[in-house]
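2 protein chains.
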Amino acid sequence: MHIVVTGGAGFLGVRLARTLLAQGSVALAGAAPRPITRLTLVDRAAPPADLAGDARVTTVIGDLNALLQPDAQGATPAVPPDTNAVVHLAAAVSGECEADFDLGLRSNLDATRALLQACRALGTQPVFVFSSSLAVFGHTAEQPMPPIIEDDTLPTPQNSYGIQKFMCEQLVADCTRKGFVRGRNVRLMTVSVRPGRPNGAASSFLSGIVREPLAGERAVCPVPPETPVALSSPTRTIEGLVRALQASDAEWGPRTALNLPAVSTTAGEMVAALARVAGPEVAALVDWVPDAHITRLIGSWPAGMNAQRAARLGLRADTSFDDIVRAYVRETAAPAR
Amino acid sequence: MHIVVTGGAGFLGVRLARTLLAQGSVALAGAAPRPITRLTLVDRAAPPADLAGDARVTTVIGDLNALLQPDAQGATPAVPPDTNAVVHLAAAVSGECEADFDLGLRSNLDATRALLQACRALGTQPVFVFSSSLAVFGHTAEQPMPPIIEDDTLPTPQNSYGIQKFMCEQLVADCTRKGFVRGRNVRLMTVSVRPGRPNGAASSFLSGIVREPLAGERAVCPVPPETPVALSSPTRTIEGLVRALQASDAEWGPRTALNLPAVSTTAGEMVAALARVAGPEVAALVDWVPDAHITRLIGSWPAGMNAQRAARLGLRADTSFDDIVRAYVRETAAPAR
Numbered sequence: 001m002h003i004v005v006t007g008g009a010g011f012l013g014v015r016l017a018r019t020l021l022a023q024g025s026v027a028l029a030g031a032a033p034r035p036i037t038r039l040t041l042v043d044r045a046a047p048p049a050d051l052a053g054d055a056r057v058t059t060v061i062g063d064l065n066a067l068l069q070p071d072a073q074g075a076t077p078a079v080p081p082d083t084n085a086v087v088h089l090a091a092a093v094s095g096e097c098e099a100d101f102d103l104g105l106r107s108n109l110d111a112t113r114a115l116l117q118a119c120r121a122l123g124t125q126p127v128f129v130f131s132s133s134l135a136v137f138g139h140t141a142e143q144p145m146p147p148i149i150e151d152d153t154l155p156t157p158q159n160s161y162g163i164q165k166f167m168c169e170q171l172v173a174d175c176t177r178k179g180f181v182r183g184r185n186v187r188l189m190t191v192s193v194r195p196g197r198p199n200g201a202a203s204s205f206l207s208g209i210v211r212e213p214l215a216g217e218r219a220v221c222p223v224p225p226e227t228p229v230a231l232s233s234p235t236r237t238i239e240g241l242v243r244a245l246q247a248s249d250a251e252w253g254p255r256t257a258l259n260l261p262a263v264s265t266t267a268g269e270m271v272a273a274l275a276r277v278a279g280p281e282v283a284a285l286v287d288w289v290p291d292a293h294i295t296r297l298i299g300s301w302p303a304g305m306n307a308q309r310a311a312r313l314g315l316r317a318d319t320s321f322d323d324i325v326r327a328y329v330r331e332t333a334a335p336a337r
Numbered sequence: 001m002h003i004v005v006t007g008g009a010g011f012l013g014v015r016l017a018r019t020l021l022a023q024g025s026v027a028l029a030g031a032a033p034r035p036i037t038r039l040t041l042v043d044r045a046a047p048p049a050d051l052a053g054d055a056r057v058t059t060v061i062g063d064l065n066a067l068l069q070p071d072a073q074g075a076t077p078a079v080p081p082d083t084n085a086v087v088h089l090a091a092a093v094s095g096e097c098e099a100d101f102d103l104g105l106r107s108n109l110d111a112t113r114a115l116l117q118a119c120r121a122l123g124t125q126p127v128f129v130f131s132s133s134l135a136v137f138g139h140t141a142e143q144p145m146p147p148i149i150e151d152d153t154l155p156t157p158q159n160s161y162g163i164q165k166f167m168c169e170q171l172v173a174d175c176t177r178k179g180f181v182r183g184r185n186v187r188l189m190t191v192s193v194r195p196g197r198p199n200g201a202a203s204s205f206l207s208g209i210v211r212e213p214l215a216g217e218r219a220v221c222p223v224p225p226e227t228p229v230a231l232s233s234p235t236r237t238i239e240g241l242v243r244a245l246q247a248s249d250a251e252w253g254p255r256t257a258l259n260l261p262a263v264s265t266t267a268g269e270m271v272a273a274l275a276r277v278a279g280p281e282v283a284a285l286v287d288w289v290p291d292a293h294i295t296r297l298i299g300s301w302p303a304g305m306n307a308q309r310a311a312r313l314g315l316r317a318d319t320s321f322d323d324i325v326r327a328y329v330r331e332t333a334a335p336a337r
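Order-wise, the sequence lines are chains A and B.
Under my numbering, the first residue of the first sequence carries the number 1, and numbering increases by one thereafter.
Under my numbering, the first residue of the second sequence carries the number 1, and numbering increases by one thereafter.
In short, the hints are calculated from the structure, not lab data.
Among these hints, one or two may not hold up.
Said to hold, decoys possible - Sample of chain A residues with no beta-carbon within 10 Å of chain B, all distances over it, derived:
| no. | residue |
| --- | --- |
| 1 | Gln-23 |
| 2 | Gly-62 |
| 3 | Asn-65 |
| 4 | Asp-71 |
| 5 | Leu-105 |
| 6 | Asp-152 |
| 7 | Ala-173 |
| 8 | Asn-199 |
| 9 | Ser-248 |
| 10 | Pro-254 |
| 11 | Trp-288 |
| 12 | Gly-299 |
| 13 | Gly-314 |
Unchecked claim - With a straight-line Cα cutoff of 20 Å, these simulated EDC-like cross-link-like pairs (lysine to aspartate or glutamate) come out:
| no. | chain 1 | residue 1 | chain 2 | residue 2 |
| --- | --- | --- | --- | --- |
| 14 | A | Lys-178 | B | Glu-98 |
| 15 | A | Lys-178 | B | Glu-96 |
| 16 | A | Lys-178 | B | Asp-63 |
| 17 | B | Lys-178 | A | Asp-102 |
| 18 | B | Lys-178 | B | Asp-249 |
| 19 | B | Lys-178 | A | Glu-96 |
| 20 | B | Lys-178 | A | Asp-54 |
| 21 | A | Lys-178 | B | Asp-249 |
| 22 | A | Lys-178 | A | Glu-98 |
| 23 | B | Lys-178 | A | Asp-323 |
| 24 | A | Lys-178 | B | Glu-251 |
Keep in mind the model is a prediction, meaning the values are calculated, not measured.
Built from N, CA and C at the ideal position, the CB exists for glycine as well.
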């Protein structure tokens, strides 16, 4: 069993890789479990040493679009001939796509298209898990959206990242219908708490306002406290991706995207949870400095998901943001109250 | 006022060009009417003599993707610098896209993207009318769809043509949000009765079963009589495109696509209308020879539209398919009963 993970050195990619290697085998698309003999991690950067040192791991480092250019024999470094499944996590994030329209199209639409074509060229119909995003949903004064999203709610993206993700969902669906891949479109919620450093995502602060105070650093919350957010812990998010790999075609259902479950909360409640778990002096390290651009972008995203399809697959939201903070504290051994 | 029409030598393009030239001026996006000083028709073929001979008409003949490659100065033959509006009708049709996946992506997605980039390069925010299609809607046994489509029904395309049109809608919406163009996504219904010859559209027979018998020729209907179809006459379709050009941003409303109104009927009822208008001996020229592939494709399309947004713009469906047949007979001076 050979699985390719794009963005395999990123936060979710690394976590997925560790989960899959620990699990050891995968019941791909509902088939009998087979051992993972090879895990190819494709990224611009190298993965951490524990992954790079695993005998089952191959690293392919470079620009994804370049790595998807077929050679004279039609082979591509990013998608070796014996690939059974691809989990496509690599993407330009929301802030980058908003700042550079062409970069977003190249990194998200073109790369996904090339990746699908590389899978098609294999002729073996690999499972293709596409990480879409709740950013496909959005509302403005002129474009209403229900506050709670159903599985068949019409996406009306209000940023280029969401537009590109939604376009890719369509392409994955059509390549599935055509028998090129066995696609699973999965819409990830905003993942919090991400460890590490801030990234270019407009939602980056939704980890920062917990992570930085727990490390004793001040953090800026650029949206008003009442801003609703739909969150998922890293653990629940990885569960969703693994379930997508393992669900049979019948379990998975339609080619439209599946919304992962979310904890519905607000920026203010997140910081209140931080105070409850780590103490008010930690929560006091958050500075509330609204940024109009980020407030508009994050404020256009949905507040919650009625993730019925996900529930039928056994996927549940985190119990509370307090529990998410507690789990983060446990994992990082940050000072808990 | 300079308007570019891609697919300008095609059936709808020619009809739109004649309508615009006869009208003489356009109230572009709700502004005061201004005379049309130039109409550029872009197509692989030359337009008819009456258009080519009009002093206001410029013809640009060639492959659209090639004509959208910018030269060293960034100019493109298909989108001259003084372009005020583009009506993008050129497309590979449903049958072609289903037969050749890559052709569909090139002719529909890549060409629309290049056209939007050429408009963006002008820096003048031209009006951009994109002809999408009811083919964005589709259902299968696993993918239910309401029988009557609302303006916010989630499209679930069941063919590559519909997928590509829906992807282009997203790109037009985002280019509008970014201020590159003033986009109007318009979903056209199946146009019937088209004059001329059959084309590569899976829906081509929906004109053929009327047109050919009226010309004394036999025609095959490849779907069962009870197959529901959502139709619009050429006249009503052109009305919709002209309204899209002339609606102000406020009248037009959201960047999501607008469904044009449709007459809801069935293949059997169409032939019954033909019998009523032209006589049973004409209708008897239709041979019912079901084709599984076409039945699946057409059978996945919606039966009707609750086109509320279109109604607010004053757009109405044809009164009946009988009236559509009568109008076709009148226009083509075919023998009426």
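### Task
Would you check the hint for B:Lys-178 and A:Glu-96, treating anything up to 20 Å between C-alpha atoms as holding?
14 Å, holds
### Query
Non-interface claim for A:Gly-62: all C-beta distances to chain B beyond 10 Å?
Nearest chain B Cβ is 25 Å from A:Gly-62, so the label holds.
### Non-interface label on A:Ala-173, tested against every C-beta of chain B at 10 Å
7 Å, violated
### Message
B:Lys-178 and A:Asp-323 were given as a pair; does the straight-line alpha-carbon distance stay at or below 20 Å?
### Response
39 Å, violated
#### Entry: Interface-negative label, A:Asp-71 against chain B, beta-carbon threshold 10 Å
The claim stands: A:Asp-71 keeps its Cβ more than 10 Å from every Cβ of chain B (closest is about 19 Å).
### Query
Minimum Cβ separation between A:Gly-314 and chain B greater than 10 Å?
At roughly 20 Å from the nearest Cβ of chain B, A:Gly-314 sits farther out than 10 Å, so the non-interface label holds.
### Query
Between B:Lys-178 and A:Asp-54, does the CA-CA distance stay at or below 20 Å?
45 Å, violated
### Query
Minimum Cβ separation between A:Ser-248 and chain B greater than 10 Å?
Non-interface label stands for A:Ser-248: nearest chain B Cβ at 13 Å, farther than 10 Å.
#### Entry: Whether A:Trp-288 stays farther than 10 Å from all C-beta atoms of chain B, as the label says
28 Å, holds
### Query
Is B:Lys-178 within 20 Å of A:Asp-102, Cα to Cα?
12 Å, holds
### Task
Please confirm whether A:Gln-23 is truly not at the interface, meaning its C-beta sits more than 10 Å away from all C-beta atoms of chain B.
29 Å, holds
### Message
Hinted pair, alpha-carbon criterion (20 Å max): A:Lys-178, B:Glu-96. Please report holds or violated.
### Response
14 Å, holds
In summary, the numbered hints that this structure violates are 5, 6, 7, 10, 16, 20, 21, 22, 23, 24.
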